[in-house]
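Asks: Residues per chain are reported as follows:
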Amino acid sequence: MAENLLEVNNLTTSFKIGGTYFAAVDDVSLTIKPNEVLALVGESGSGKSATAFSIMGLHTKARIEGEVNFLGKDLTKFGPNQFNKIRGGEIAMIFQDPMTALNPLMRIKAQIVETLTIHGKKSKNENEKYAVELLERVGIARAEQVAEAYPHELSGGMRQRVVIAIAIANRPKLLIADEPTTALDVTIQAQILDLIRELQEDLGSGVLLITHDLGVVAEMADRVAVMYAGEIVELAPVREIFKNPKHPYTRSLLTSIPSEEQMGGKLHVIQGVVPALHKLDRTICRFSPRIPWIDASEHEENPELREVEEGHWVRCTCYKNFYLKETNAEDLAELENQELERDAVGGNEDEQ
Amino acid sequence: MIKFTIRRLLITFPQLILLSVLVFILASLMPGDALSGLIDPDIPREQVELMRERLGLNNPWYIQYRDWVWAMVSEGDFGRSIFHQRPVMDLIGDRIWNTVWLSLMTVFFIYAIGLPLGLISGRYNDTITDSIITGYTYLGFATPTFVFALVLLYLFGFVWPVFPTSGSVRAGIPPGSLDYVLSKINHLVLPSLSVALIGLVGTVQYLRSGVIETKQKDYVILARSKGVKEGKIYSRHIFRNSIIPIAAFFGYEITGLLGGSVIIEQIFGYPGMGRLFLESISTRDYSVANVLILFYGFLAIVGALLSDIILSIIDPRIRIK
Amino acid sequence: MSNNILEIKDLKVHYPVRGGFFNTIKDYVKAVDGVSINVPVGTTYGLVGESGSGKTTTGKAVMGLNHVTEGTIMFNGHELTGKGKKVDNHKDIQMIFQDPYSSLNVRKRVFDIITEPLNNYESLTKAERVNRVLELLKIVGLPPSAIYKYPHEFSGGQRQRIGVARAIALRPKLIIADEPVSALDVSVQAQVLNFMQEIQKEMDLTMLFIAHDLGVVRHMCSYLGIMYRGRLVEEGTVDDIFNNPQHLYTKRLVAAIPDIDVDHVEKNLVLRNQLKEEYEQNFADYLDEEGRAFPLQQISDTHRVALPVRS
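These protein sequence lines are chains A, V and S, in that order. Using the working numbering, the letters of the first sequence correspond one by one to residues -8 to 343. Using the working numbering, the letters of the second sequence correspond one by one to residues 277 to 597. Using the working numbering, the letters of the third sequence correspond one by one to residues 1031 to 1341.
Bound conformation, chain A alone:
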């Protein structure tokens, strides 16, 4: 078995809300080996992007606890200069929206050369030549001309290829891809995903893929970590997640996607909403308010992530006797009413 490339241990990232810190990433541990794609899945507010940003040290105003061990060094102890040596070099990142991820005032070439100059000691000429090679490598035709272009002259798909070219410029060992295809059209998405996989196999890098799209997960990942409200609730090989999902949240999510089988039929709706950071009850199973038909005795207090089958980790005991239940529209409305009322009361408390 290969050594772990990245070992995140008990990572907790907290943000200040009204003077108090609240954890957006709560005690998250995960590992990535070379050549492995780990998908971090969750909906908005689940803390998946915050996890990626914490690993990259990109949060400017957060409190970060725990360890991020990359090749044996704890990145959380790094100062800005140490971090700058590793960022863009051994760890690189691909961003969500290619329309905003490139500096509009700089030529494509300059933006690629910038990262080459920081992490290599080659001459300007060599770097510029290599920049064009990189553009060819990510499948851009007429790379010479594109290198001289400004971002606004390129399409979204092309820009995302440029962002990828920047990321792989220094042959990173770990690639963090934060929703790399969310902003792209479906045919472009397929091309970009194929490109990322090809480059990853080529470089032998580990990939942390952050996405909310389960289709993308199925196509790309080796292992999957499902996040809900700041915690990992299930962690398993990709096949297990889709063929043998255990945690109620994973199961609910999978049945809420429109699929061929249930064409035109009703989709499963998860009751309620993801609670706000500062209103989260952190002592109970965080998903329990959204599956109220499951008896409280099925949950445990301060639920832990346990290995229930080999390589398959699940949080809380409630998965054992879980069943899906459709809620009728009136009950949903009633629940939402309660939430709105509660928010209104909470709002007043905030003001005081």
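Source of the hints: derived by calculation from the structure; they are not laboratory data. Any given hint might turn out to be false.
Stated by the list, open to error - Once the Cα atoms are required to be at most 20 Å apart in a straight line, the calculated SDA-like pairs of lysine to any residue come out as: (1) Lys1297/S to Ser250/A; (2) Lys257/A to Lys1060/S; (3) Lys234/A to Asp1289/S; (4) Lys1060/S to Asn72/A; (5) Lys493/V to Lys164/A; (6) Lys164/A to Ser250/A; (7) Lys491/V to Pro95/A; (8) Lys234/A to Val1292/S; (9) Lys460/V to Trp377/V.
Mind docking chains V and S on chain A? Use the hints.
Replies: This is chains V and S only, laid out in the frame that chain A set:
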């Protein structure tokens, strides 16, 4: 780019003609003319009439207008000041360099002081330094320039007489010597500072909010993820992007200052364009006033053009084809 | 008489491109270039395409939100375009927008947002309006307490449902839904989709559903039109499009959808690469000299494809 400039200048042409007609008509509608205030009441009316006739002041306005324009276009003759008895261009020529130096000095102070302040307050927003700087900008917005100028004049002209209180150069130094240049600069400091220190608050606030907005942009985060050092992040990525709104005003700022400032020139007794304009109006010296108004109109149009060109140099997205 | 509530014939929306020394019209951007669509009453027609394909422009043309260069739009037997414009289409045709955050006025309360279209067309007393809003809120599954709240107090899915309540306030016959769920999370998306289907049944609504997500479209629509650069390249039932795509562009589009079945991953990848090669080699054959898709040809009762014209 050249095509664009030429086209813009061509559009300028009809605008200038319209402006000149308007100016001319308004001037001729005013009661009195250059002779009415000047002439001794003892001089017989007939003689005054004769003079009017000779100067062409009795012709209908469109004939006068035609003569005026024709003289400008064919001979470069912008007319004579009846009050000063000198060609208008000579009068303007005396003053314009004073105003040019004052404007350049002011622009220099505005950007030399305003840009660093804006950058610092945007980069370290919501710190004490930022609060002091923004506090100053609020104060600057609220203070009228003339009050501030008078305070400066009082402090540095009278209480600690470091700078001269009026004029544009010390009398009796031969032009061209180093002393002459230094004395000129010495005379410029107070008036330009009093305009700049108030005029820069807009620049500071624009830049501050530009920096605050830009530093959260995705491409700045991407630059960080490339390992770019914080200083470079600001100089290379944030600064250029957040200066765009300021660049959009740069042309106007320069040409606006070239028009001269009546108030500042009056307070510091500085012989510039602003005072010339004021004088020409109060003495009904319309041949001077008309040319000056035309000149101001021309400046405004050039300012807009200059702003567009500067903007297109900074921002490739609006690069002109 | 046909039972089509909406008939679009040869719709063209062209925008002039200006340039040169005198800023004259040099060319046209053909955002929509000859699209014909018939939508039967009570059905959902899905308009699919990538960004820039002209799907949103088509929807806006039906709403009367942009000018029509050529072609006719018949709604309920009345012409919406040209001089013969008699019906006020804004009452019977309503739109649901993509972004629930920016399409609601943040300074207005839900009551004002929903009654805005009502005030324009009907004179109701205050009490009648309150009753109507409560009724609408019930239809979209929001509690009565929502009536005097502001948009920021709601989640994304709830906001999108307020947008829907506003759209159905005048009991329209046709709803144009422009990417109504693409800004929402999966679980919220499910809720909005479910309930759009419900109100469609209850109110006998016809829907023009504009989207780029083929999974969602398959779930919601009975007929689909695939757009490419301002023209339709294929049209048919969901079954025709997904199980028997004929146009190379459609084939590639369908193959590009990520499949959540992990068993299909390898097979999909092979198919995608195969289609990619075919696309690079042969796609020019599917377009005429000007790069436009060919006219649609009927290949079955429901299925029409823009196959190359063999001359």
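Asks: In ascending order, which of the hints set out earlier in this document are inconsistent with the structure?
Replies: Those not satisfied are hints 2, 4, 5 and 6.
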